[in-house]
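Trainee: Chains as they are written, first to last, in our numbering: chain A, 11 to 232; chain B, 11 to 232.
Only true hints are included.
Computed list of lysine-lysine pairs in DSS-like fashion (alpha-carbon distance at most 25 Å, straight line):
#, chain 1, residue 1, chain 2, residue 2
1, A, LYS143, B, LYS69
2, A, LYS12, A, LYS43
3, A, LYS187, A, LYS143
4, B, LYS143, A, LYS143
5, B, LYS143, A, LYS69
6, B, LYS43, B, LYS12
7, B, LYS187, A, LYS69
8, B, LYS143, B, LYS187
9, A, LYS187, B, LYS69
None of these hints come from the bench; they were simulated from the model.
There are 2 protein chains.
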Amino acid sequence: MKANGLRVTGHCRGGMFPATDSTGLSAAIDDNKRAIDEAAALGADCLVMVVGGLPGASKDIAAARGMVADGLAAILPHARACAIPLAIEPLHPMYAADRACVNTLEQALDLCDALGAGTGVAIDVYHTWWDPKLSAQIARAGRNRQILAHHICDWLVPTRDLLLDRGMMGDGVIDLKWFRAEIERAGFHGPQEVEIFSAQNWWKRPGDDVIATCIERFRTVC
Amino acid sequence: MKANGLRVTGHCRGGMFPATDSTGLSAAIDDNKRAIDEAAALGADCLVMVVGGLPGASKDIAAARGMVADGLAAILPHARACAIPLAIEPLHPMYAADRACVNTLEQALDLCDALGAGTGVAIDVYHTWWDPKLSAQIARAGRNRQILAHHICDWLVPTRDLLLDRGMMGDGVIDLKWFRAEIERAGFHGPQEVEIFSAQNWWKRPGDDVIATCIERFRTVC
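Build out the structure end to end from the sequences listed, making use of the hints.
Mentor: So this is what it looks like as structure tokens:
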């Protein structure tokens with residue numbers, strides 16, 4: 011890839027730790043170690059962690075969060091040995107049950123503090139824009155150089171689907187320039203990565219048009 | 011109502027403070043004062059505040075939050091004079107843009123602390139179950155006797171609509187018994203109020219069946 015001028019900003023994804031039994035928990039750790047190996051083989055800047063939600067029929071989100079902490083601790087030595095930072099991504103609270111039980115930047119950074127070197131956060135505007143503690147937590151992340159990725163898109167009003175109705179930058183309510191300024195003030199000057207799940211709109215358009223729109227919006231609203 | 015053995019646990023709703031200009035802000039304050047009068051006339055235990063989201067085309071959620079704080083402060087003297095407590099209801103972050111920019115219990119309690127006597131919170135399991143700080147913030151609310159209402163339903167997986175796909179207690183992932191225990195430990199022993207927005211399921215069923223199911227579930231899973 012390097013010979014072709016390509017860079018893997020992040021390998022997506024590791025995570026999905028919670029399971030209903032010890033076999034499942036072990037399998038998830040093995041999966042994550044393989045993901046770390048893949049990230050290393052790709053020369054990725056980090057491995058993005060979508061940590062997983064409630065396993066099986068569980069209603070115990072505190073237990074799921076414990077499984078996530080334990081899982082991250084179990085794979086961290088391998089990540090460090092491979093020099094692959096783990097980028098914990100807090101997901102929007104509407105995904106707490108089925109995708110990720112880490113739901114605020116504060117919670118993700120508390121995990122990083124407990125785990126230590128080799129961990130950080132992926133900050134996606136879609137998941138975090140609503141958070142009343144956002145500004146303070148971005149600054150906190152910056153102090154320890156824990157910002158590993160910055161994902162962008164927009165929050166549409168109305169949002170018609172919980173997963174696949176993200177907006178193109180500029181079409182929603184997120185103040186993307188403010189967000190970028192906060193992240194840059196915190197010391198992160200890496201790429202803004204566009205991530206627009208949009209089954210009924212952008213995924214139906216020609217790729218060239220989507221890319222052209224991303225570039226235009228990046229220049230005007232991001 | 012009292013002659014018929016009825017009780018108004020809460021008048022729903024005041025709020026919707028943010029506006030694009032001073033005329034709109036003033037109109038919202040007048041509306042809220044009328045809602046306080048209504049609550050007093052009904053003998054309601056509290057006025058539930060759904061505070062409002064981003065006004066017009068605004069992307070400035072910090073400004074909207076300021077308008078909410080100012081609006082609450084403006085109506086609070088009238089609420090105190092009428093002996094109607096204001097129950098600030100944090101809404102799920104997926105409603106931050108269009109319904110309420112108060113999105114965590116911690117944020118609502120910070121507002122209560124700033125405003126003082128006559129304010130409290132309405133805790134709806136649907137809006138708050140995901141919150142990693144939930145247990146600590148429920149305890150905090152209890153210390154100052156700020157829990158004014160406890161709303162119940164359930165979070166379905168999958169959730170097919172952001173507004174109108176709430177679940178019947180027991181059909182989703184919320185640990186309602188745990189939740190009730192936390193709230194009772196914090197000193198609130200008022201009613202659990204059922205609030206199930208369900209356009210495609212419960213709203214289509216005969217009312218008697220819905221009530222019977224609520225009662226059965228209340229006895230078994232709440």
